[in-house]
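Participant: Residues per chain, in single letters:
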Amino acid sequence: MNIVVCMKQVPDTWAERTLRPDDSTLDRASVDGVINEIDEYAIEEGLRLAEAHGGEVTILTMGPEKATESIRKALSMGADKAVHLVDDGLAGSDALQTSAALAKVLGRTGFDLVILGSESTDARMGVLAAMLAERLGVPQVSLASKVEVDGSQLRVHRQADYGYDQIEATLPAVISVVEKINEPRYPSFKGIMAAKKKPVETLSLADAGIDAGEVGVASAATEVVSFAKRPPRQAGTVVKDEGDGGAKAAGFLAAQKFI
Amino acid sequence: MAEILVLAEHDGEMVKKVTSELLTLARRFGEPAAVWIGPGSEAGRERLAEFGAAKVYVADGGDIQDYPVAPIAEVLAGLVARQSPAAVFLAATPEGKEVAGRLAVKAGSGVITDAVGLAAGDDGGLVAEQSIFGGAIIVQSRVRTGTPIIAVRPNSVAAEPAPAAAEIEPAGVEVTDAARAVKVTERVTAERGERPELTEAAIVVSGGRGVGNAENFALIEKLADSLGAAVGASRAATDAGWYPHQFQVGQTGKTVSPQLYLAVGISGAIQHRAGMQTAKTIMVINKDPEAPIFELADFGVVGDLFQVVPQLTGEIERRSGN
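Chains W and Y supply the protein sequences, listed in that same order. The first sequence finishes on residue 259 if you use our numbering, and the numbering steps up by one all the way, no holes. The second sequence finishes on residue 322 if you use our numbering, and the numbering steps up by one all the way, no holes.
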C-alpha cells in the first residue's frame with residue numbers, strides 16, 4: 001500500500017505566536033517549529049497500516065526550509081521517505097492554494113491512502129482533507145477515530161457529536177484522523193540514526209509543475225484586512241473558599257442572570 | 001436584495017440553534033435562503049420562517065443524508081452557480097467546515113472558517129472577525145475571490161426572530177454517484193443523557209485533571225444539569241479515559257464559545273484555553289490559586305471542587321426551585 005501522510009510544521013503552541021506586520025502572514029521564523037500534534041497521530045496510523053498490510057509511508061510537507069527538522073523526526077518514527085515542497089513563492093498561501101499545491105504533488109507520488117491530521121494547531125481550519133479529496137476526486141473519510149483496511153475496502157469510525165458514524169468507502173481515499181485513534185510512538189535511537197539516511201526529495205514550484213501565479217499571498221483567495229492583540233480580559237473576582245465558595249459562586253451566577 | 005445561502009443544520013426534523021443565528025446574521029447583509037439537505041424540511045420550515053428565511057431550497061431523496069459532506073457541497077455549488085448569492089454561511093462545526101472546504105474548491109471561492117463576527121467592509125463586502133492563536137489575536141479578514149464562503153461559530157450572535165415566507169423550492173441539483181462514494185452504514189450514539197450539544201450550548205461545564213477519575217465526573221454532570229448546560233472535559237481528562245473524547249474542549253478538540261463557561265479542576269494550559277477563550281463569561285473552580293485559568297476568570301473560587309461544586313449545584317437547584 002502506498003501511504004502518503006501530509007504533515008505540517010507549526011509554531012510550538014507554547015511559544016508566543018504572532019502575525020507579520022508587513023503581510024499579515026504567520027511569523028514562522030521567530031518561533032520553534034514542531035510537527036503539528038495531530039499529524040503525529042496521522043503518521044502513527046500510516047505506520048501501523050503499513051506494518052499490518054505492507055507498503056511504504058511517505059511524508060509530504062509543504063513549508064519553509066526549517067521544516068526539514070520535522071521531516072527528520074517523522075522519518076525517525078519509521079516513515080520510509082519524504083517529499084518536501086519548498087519555495088519562497090509558497091509563503092502566505094491560503095487553504096485553497098495549499099490544497100492545490102499538495103494535490104499536484106500527490107499526482108506525482110501516487111497514493112492508495114492519503115492521511116492527514118484533522119486540523120493544524122496554527123490555522124485550525126480543518127478543511128484540507130476535504131479540499132484534497134475534492135481535488136483528487138477520491139472518497140473523503142475524515143475525523144477518523146478508527147481505521148480498518150480490508151483489501152480495497154475501508155471501514156472507519158467518523159467522530160460525531162453524538163458518538164460516531166460507521167463509514168464505508170473504497171481505496172484510494174483521503175482520510176483525516178483525530179487524536180483518539182492511537183498513541184504515537186517515540187522515535188527510537190535506531191530510528192533516529194536510520195532517518196539520517198532516508199531519502200528526502202525537495203521540490204520547487206517549477207519541479208512540481210505548479211504555476212507560481214497560483215500560490216502565495218499575492219493571489220490568495222482570502223486576505224487579512226487587519227489584526228490586533230486581544231485586549232486583556234478585565235480581572236475578575238477571585239474568592240477563597242471558606243465553606244461558602246459554592247454559595248458565592250451561585251450568587252455571581254444569579255447576579256449575571258444565569259440562574 | 002442579494003440572496004445569502006444558509007446551510008441548515010438539522011437532525012431530520014429539528015433545526016439547530018446555530019441555523020437561527022446564521023439566518024439572523026444573513027438578514028443584515030441580504031435576503032436569507034436556507035438550504036435543507038435530506039428529509040424533514042416540512043417539519044423544519046416553521047423555524048426557518050420564524051428567523052427570516054425567504055426561501056428553503058430542498059435537496060431530498062436518494063438517501064442523500066447517508067452520505068456525508070460531498071453531496072451537500074454539490075448541492076450548494078449548484079445553487080451558487082445558479083443563484084449567484086452574495087455569500088454562503090455555514091456553521092463552523094467539523095462537518096460544516098468540511099462542506100465549506102469542498103464548496104470552496106468547486107466554486108473557486110475563498111473560504112473563512114470560525115468567524116465570530118461579521119461586518120460590512122468599506123467596499124460593502126463582508127469582513128469576518130476571527131480569534132486566533134488560542135484567542136491571543138483578533139483578525140479581520142475577507143474573501144477576495146469568488147463567492148464568500150463563511151463558516152460561523154455557534155453563539156457568535158443572538159438569534160432574533162423576523163418572520164418571512166420560507167417558501168419551499170426544490171434545489172434542482174443532481175447529486176452525482178461520485179459524491180456517494182462514502183456511505184454511513186450506522187450511526188452509533190453514546191448514551192449521555194439529554195444535554196445540549198457541546199458546541200451549541202449556551203452554558204458549558206467542563207472538568208479536568210482535578211476531577212480525579214471517571215466516577216467523579218458525575219459531579220460535573222450534576223452541576224451541568226442544574227444549569228441546563230453541556231458537559232466538556234479537558235484533554236487531561238479525556239486522555240485519562242475519564243470522559244469520552246468527543247467532549248474534549250481545546251486545541252485538539254472542540255472549540256466552544258458559550259455565554260457561560262465553568263472550568264472545574266482545569267489548570268488552563270494554552271491547549272485548553274484555545275478551545276474556550278471566546279466564552280462571554282468564565283467561572284473557575286480550582287484549588288491552586290496559581291492556576292493560569294484564573295487569569296481568564298470573571299469569577300473564580302479557590303477551593304476544593306469536591307466541597308464547592310456540590311454546594312454550588314445545591315444552591316442553583318434551590319434558587320431555580322428544583
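FYI, nobody ran anything at the bench for these hints, they're computed from the structure. As the structure is a computational prediction, the values presented were derived from the model and not from experiment. Hints are supplied without guarantee of correctness; some may be wrong.
[Stated by the list, open to error] Listed next, the in silico EDC-like pairs over lysine to aspartate or glutamate satisfying Cα-Cα at most 16 Å (straight line):
{"no.": "1", "chain 1": "Y", "residue 1": "Lys-222", "chain 2": "Y", "residue 2": "Glu-194"}
{"no.": "2", "chain 1": "Y", "residue 1": "Lys-183", "chain 2": "W", "residue 2": "Glu-168"}
{"no.": "3", "chain 1": "W", "residue 1": "Lys-240", "chain 2": "Y", "residue 2": "Asp-288"}
{"no.": "4", "chain 1": "Y", "residue 1": "Lys-287", "chain 2": "W", "residue 2": "Glu-242"}
Participant: Each hint: holds or not?
Facilitator: Hint-by-hint comparison with the structure:
1. Y/Lys-222 / Y/Glu-194: holds, 12 Å
2. Y/Lys-183 / W/Glu-168: Holds: Y/Lys-183 and W/Glu-168 sit about 5 Å apart, inside 16 Å.
3. W/Lys-240 / Y/Asp-288: holds, 10 Å
4. Y/Lys-287 / W/Glu-242: Holds - the C-alpha atoms of W/Glu-242 and Y/Lys-287 are around 12 Å apart, at most 16 Å.
Consistency with the previously given hints is maintained throughout, with no hint failing.
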